[in-house]
Amino acid sequence: DTAVSQTPKYLVTQMGNDKSIKCEQNLGHDTMYWYKQDSKKFLKIMFSYNNKELIINETVPNRFSPKSPDKAHLNLHINSLELGDSAVYFCASSPPSGSMVFGPGTRLTVL
Amino acid sequence: AQSVTQPDIHITVSEGASLELRCNYSYGATPYLFWYVQSPGQGLQLLLKYFSGDTLVQGIKGFEAEFKRSQSSFNLRKPSVHWSDAAEYFCAVGAQETGNQFYFGTGTSLTVIP
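Protein chains in written order, with the numbering used here: chain A, 1 to 111; chain B, 112 to 225.
Same shape as in the complex, but just chain B (with noise of 0.2 Å):
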């Protein structure tokens, strides 16, 4: 069965400090990986994702993740948080030989503190 795991539900950082949120998947097929953002009261927002091809992959706002698949994760990284990244984090999981079906991890909500 297909599952997406963010072990962290809360994660506290201080502004400018490096931040990783976790994220390990279950998927039987070659998965596409994506994480998103919900900004209080907002929609989501995709942050980045991975399809296939190099296995550090780029985002917005200056978020990086990097695909282990021996590890079946998928971690998001920020090298300095700002205040402004305060926010709920998803990971995703995805395949197109599951017809574009997506399931979603649990969250992890960010508190930055000046």
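So here's chain A without its partners, still in its complex pose (with noise of 0.2 Å):
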């Protein structure tokens, strides 16, 4: 019964690729996120999507896009990767005024 899943969970591909990271929750939550975790453990909000209509879009290249099909499902789709997008992706969801329940996450290595 996971809540929030995420796949692949390692993906290792080459400069220049474009690749996708999908993500699903079970939990009926409003909210869904993509963070992005560094080498030295720094968290940082990428995008957020409430029923499907984005509300945050931190400052991030225009290679990353962010889908969300329906309120269960936000995908993350890069394009032209770059060594710098070497990390740990992760999706999140969340209720109205509640507490983020975190993916396992998505170790990213570009080559």
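Some hints could be false.
Listed next, the in silico DSBU-like pairs over lysine-lysine satisfying Cα-Cα at most 30 Å (straight line) [as the list claims (entries may be wrong)]:
(1) Lys172/B to Lys40/A
(2) Lys19/A to Lys172/B
(3) Lys52/A to Lys36/A
(4) Lys172/B to Lys41/A
(5) Lys44/A to Lys172/B
Derived contacts from chain B toward chain A, CB cut-off under 10 Å, selection only [said to hold, decoys possible]:
(6) Phe145
(7) Gln153
(8) Leu155
(9) Ala206
(10) Gln212
(11) Ser220
(12) Pro225
A few chain B positions that, by computed beta-carbon distances, are all more than 10 Å from chain A [as the list claims (entries may be wrong)]:
(13) Ser129
(14) Gly173
(15) Gln182
(16) Arg188
Keep in mind the hints are simulated off the structure, nothing from the lab.
No experiment lies behind these values; they were computed from the predicted model shown.
Quick reminder that beta carbons are idealized off the backbone N, C-alpha and C, glycines included.
Build the complex from these two chains, which are given one at a time in their own frames, with help from the hints.
So, in structure tokens, the structure goes:
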């Protein structure tokens, strides 16, 4: 009964490639997020969606594009991958005025 | 501007000793406050949260935290640390007024020595 799931767990790819990370939550939460965690463990919010609508879009290169086909899914597509994109990407969800539940993370390595 | 500060990058304690991890925040709205724990190679797990009411909140794994509005702090405590508590700890702040926008501190890495 995974609450927030992400696929894949690991992603190794070459510079310049395009890749996607998928996220699904079965908690019925209205809001979903993407966070990036760098090698120093710093967590930075990238995007937030509420009921399929973008509500937070931090300063992120436009090579990153989130897509929310429905309230339970928030996918992250990355074009033209760069070395600096290597990080762990976490999906999360939350109810209104509630705490976030995180997925297990996707470790992206760009070679 | 909203911010969360965790002054201690790394803390080492002996097993059985008490623990306090510091968190200070700067937030214009009425804050919601959280502590999350991240074990190596794992996602983030919620330890406890404060929304309103009693300023001393109890969490999982024997942790507690106290909200002190006058000091803009939300320090995490545990009376007796176990080796399995070794992990990265993150303080986070959010608010209903800002549409569930959450900000995280930079984390405190806890090492437990036998």
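Hints versus structure:
no.	hint	result
1	Lys172/B to Lys40/A	holds (25 Å)
2	Lys19/A to Lys172/B	violated (38 Å)
3	Lys52/A to Lys36/A	holds (20 Å)
4	Lys172/B to Lys41/A	holds (22 Å)
5	Lys44/A to Lys172/B	holds (26 Å)
6	Phe145	holds (6 Å)
7	Gln153	holds (7 Å)
8	Leu155	holds (4 Å)
9	Ala206	holds (9 Å)
10	Gln212	holds (6 Å)
11	Ser220	holds (8 Å)
12	Pro225	violated (24 Å)
13	Ser129	holds (24 Å)
14	Gly173	holds (19 Å)
15	Gln182	holds (22 Å)
16	Arg188	holds (19 Å)
Hint compliance for this structure: hints 2 and 12 are not met, and every other hint is.
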